[in-house]
Structures are given as C-alpha cells and as structure tokens.
Amino acid sequence: NAGVTQTPKFRVLKTGQSMTLLCAQDMNHEYMYWYRQDPGMGLRLIHYSVGEGTTAKGEVPDGYNVSRLKKQNFLLGLESAAPSQTSVYFCASSYFPWSSYEQYFGPGTRLTVT
Amino acid sequence: DQQVKQNSPSLSVQEGRISILNCDYTNSMFDYFLWYKKYPAEGPTFLISISSIKDKNEDGRFTVFLNKSAKHLSLHIVPSQPGDSAVYFCAASSIISSGSARQLTFGSGTQLTVLP
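Line by line, the protein sequences give chains A and B.
Note that our numbering has the first sequence beginning at 1, numbered continuously upward.
Note that our numbering has the second sequence beginning at 115, numbered continuously upward.
Isolated chain A (complex conformation):
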C-alpha cells in the first residue's frame, strides 16, 4: 500500500514552459486535493476534486488546471509557468469528508521556475 505518490519529485522549468504533475492514490479515496507551500506560509489549496470526473477551484487556482479522469489519479497542469509558481506542491486525498476530516499527503514536488 503506497498511499499517495507524486511524480516528479523535482522539476526546473523556464518561464512559459508547461508541465503536468501526477498524483496517484491507492486508498480508494473519493476526495483529492492539490496544495502549494511557500516559505513562511501554510499549505494553500489550489484545486480539489470530490470524485472521478469532477474538479473545483480552491483558494489559489489562477495559473493552474486540473483533471480527474480516473478515481485514483489527480493531475495538476501549468500551461505557462511563471516564477511566482516556484513552490513545493503537495497532493492529498481523503475519505468522504462528512465522516473523516483527515487528509493523507504525498511527499511533494519541488518546482523551480526560472
């Protein structure tokens, strides 16, 4: 049972390049989330999904797109990377939110945009 995995672990992009971060979970969770963490700040919610085929915006969605084509995968895309998107990105998943409040996190992806 791998839990929540993220690929890649590190990436360096030039301004304007695009990339996709992959999150996979093997716990059969309905809910998945993407966060970013910047120095001196807590994790902030970018987008989330309440089930396969659904996505919704979180606190800081601008510049990002997401897709949830399969229940176990949640993809985060940057179409045109900007230096302000340099951050550590965490994916998380959870059971139905009305019975469990805990989210399970992946190890993170460190992205640098130059």
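Think of the hints as simulated: they come from the structure by calculation, not from any bench.
Quantities reported herein were computed from a predicted structural model and do not represent experimental measurements.
Treat the hints loosely; a few may be bogus.
What the hints assert, rightly or not - Think about it this way: if two alpha-carbon atoms lie no more than 20 Å apart in a straight line, the pair counts; the simulated SDA-like pairs of lysine to any residue are:
#1 K57/A with I210/B
#2 K170/B with Q120/B
#3 K70/A with V50/A
#4 K185/B with Q117/B
#5 K151/B with R110/A
#6 K182/B with S208/B
#7 K151/B with P39/A
#8 K71/A with S214/B
#9 K119/B with D38/A
#10 K9/A with Q117/B
#11 K9/A with Y153/B
With chain A's structure known, arrange chain B on it following the hints.
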C-alpha cells in the same frame, strides 16, 4: 488575512521536557482542528485532532487543548524526544462554500527542535 496563525516559527526544548506549540484562529466556522507533523522532503502526516465540541484530546504523548472562547489551541508533547524534531502545522477544517467538500486551512508551521 491568515485565518490560522502559528506565531512561533521555531521552538527548542530539552529532551524529556514538555513541548507546547500554539495556534490561533479567527474563523468561527472552523469546527474541527488537526495537527500535522512534517519531516524534511516528506509530506505532512496526521498527528492528532479535536472536534470543536471538545476541549481536550489525548493520544499517548500528545495532547491537544482547545479554548473556543479564545479561539486558541495548543499541542503538548510530553516527554519530548529527539525524533519529535519536525515542523508542526496546525490546520482547521471547514465546509467549502459549495457545500460539497471540506477544506483544511493551515498555519505557517512551527519548527520544533528537541535537544538531546
């Protein structure tokens, strides 16, 4: 406008003593609170939680206290061990405005160092 604040970026404690990590919040809609622990190059891992209808929850060496009137919670670790050295995040749960899910709002974290 930070809704969850951890005002101490760092805390050093001697092994065997008590560690007390503090967290303040402003949003009355938060109804569940969690503490996460994070080691370098790893994701946060859940440590302990408390519902807003309780004022204390204990799990082994870890106890969380909630003071709703003061909008304050704290995490006590007794006795502290060197392996407890990590960043601790306070998080508060609330219903997302669409009503279809819950979200966690995180504090900025406190780096705990337990000295041997």
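Do the hints match the structure? See the list:
Our distance criterion of 20 Å between C-alpha atoms is met by K57/A and I210/B, whose separation comes to about 10 Å. Proximity of K170/B to Q120/B is assessed by CA-CA distance (about 19 Å); at most 20 Å being required, the pair is judged to hold. A C-alpha spacing of about 12 Å is found between K70/A and V50/A, which places the hinted pair at or below 20 Å, so the restraint holds. Using a Cα cut-off of 20 Å, the hinted pair K185/B and Q117/B holds, with the two alpha carbons roughly 11 Å apart.
For the suggested pair K151/B and R110/A, the alpha carbons sit about 19 Å apart, so the restraint of at most 20 Å is met. Among the hinted pairs, K182/B with S208/B is consistent with the structure: their alpha-carbon atoms are about 15 Å apart, no more than 20 Å. Note on K151/B and P39/A: the hinted pairing holds, with a Cα-Cα distance of about 16 Å set against a maximum of 20 Å. A distance of roughly 17 Å separates the Cα atoms of K71/A and S214/B; the hinted pair therefore holds under the 20 Å criterion.
Simply put, K119/B and D38/A have alpha-carbon atoms about 15 Å apart, close enough for the 20 Å limit, and the pair holds. At most 20 Å may separate the alpha-carbon atoms for a hinted pair to count; K9/A and Q117/B exceed this at roughly 30 Å. The straight-line distance between the Cα atoms of K9/A and Y153/B is roughly 15 Å, inside the 20 Å bound, and the hint therefore holds.
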